[in-house]
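S.K.: Sequence:
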Amino acid sequence: MNQNWDIATPYAAAYVLFYQDNKLACTLRLQTGWNDGNYGIPSGRVEKREPILTAAIREANEEVGAVIKPGDLEHRLTMYRYSEDDQTYWVDVYFEAKAWSGELKNGEPGKHGEVTWLDPNNLPDNFVESVKAALEAIAAGKAYAEFGWDSNS
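Going letter by letter, the sequence shown gives residues 1 to 153 in our numbering.
Calculated from the structure, these hints are not laboratory results. It cannot be assumed that every hint is accurate.
[Stated by the list, open to error] Heads up, simulated DMTMM-like pairs for lysine to aspartate or glutamate below, C-alpha to C-alpha not over 25 Å straight-line: (1) K98 to E47; (2) K98 to E74; (3) K23 to E103; (4) K23 to E136; (5) K132 to E114.
[Unchecked claim] Using C-beta positions, here's what the derived DEER-type ranges look like: (6) A143 to W5: 23 to 29 Å; (7) G37 to N4: 38 to 44 Å; (8) K23 to T54: 38 to 44 Å; (9) D6 to N126: 15 to 21 Å; (10) R49 to D125: 17 to 23 Å; (11) D119 to W5: 41 to 47 Å; (12) G33 to K105: 42 to 48 Å; (13) W149 to W5: 16 to 22 Å; (14) Y80 to N121: 22 to 28 Å.
On a predicted model such as this, the values are computed, not experimentally measured, just so you know. Quick reminder that beta carbons are idealized off the backbone N, C-alpha and C, glycines included.
Given these sequences and hints, build the entire structure.
M.R.: Written as structure tokens, this is what we have:
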């Protein structure tokens, strides 16, 4: 049966929120090819055949040296995002690390300028717009959000 559906084929990305003393661990993106010069949070693409939770744990370890057990991550938000830049669709899944071991540090100096703790209620202007929108959705108690369409971005 030949179906001629015009369907989105989204990519997936995993994000991890680390809070300490009412501050959020953030990375300054450099030489990544996406939002360079802006702050974001530890995150990355989900690889083929990789569960999103596993990707979150892997990315947190690669980017900031955190060791997280699967049971210590709590789902906070799923965002369906359209990227106007390259016309791609993304399913971004945000988790909060309730516990971890290791001191957070820059694990990828070729991709990040620094790891710093920022006030989530007073983020700098150079913060990834979609991540800022996700943080606002989480603060509003939402578990789902959309970003990138003119009606809601």
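S.K.: Each hint: holds or not?
M.R.: We went through each hint and held it up to the structure:
A threshold of 25 Å between alpha carbons decides the hint, and for K98 with E47 the separation of about 24 Å falls inside it, so the pair holds. At roughly 7 Å between alpha-carbon atoms, K98 and E74 fall within 25 Å of each other, so this suggested pair holds. Taking the CA atoms of K23 and E103, the gap is near 15 Å; set against the 25 Å cutoff, the hint holds. Pair hint K23 plus E136 holds up; C-alpha atoms about 15 Å apart against a cutoff of 25 Å.
Between K132 and E114, the direct Cα distance comes to roughly 18 Å. Compliance with the 25 Å bound is thereby established for this hinted pair. The hinted window of 23 to 29 Å between A143 and W5 holds, with their beta carbons roughly 28 Å apart. Checked against the given bound of 38 to 44 Å, the beta carbons of G37 and N4, roughly 42 Å apart, stay inside it. Distance hint check: the CB atoms of K23 and T54 are about 27 Å apart, inconsistent with the given range 38 to 44 Å.
Checked against the given bound of 15 to 21 Å, the beta carbons of D6 and N126, roughly 36 Å apart, lie outside it. The hinted range of 17 to 23 Å is not satisfied by R49 and D125, whose Cβ atoms lie roughly 38 Å apart. With their beta carbons about 45 Å apart, D119 and W5 fall inside the hinted range of 41 to 47 Å. Taking 42 to 48 Å as the suggested C-beta distance range, the pair G33 and K105 does not conform, at roughly 23 Å.
Here the CB-CB span from W149 to W5 is close to 20 Å, well matched to the stated 16 to 22 Å. At about 25 Å, the beta-carbon gap between Y80 and N121 stays in the expected band of 22 to 28 Å.
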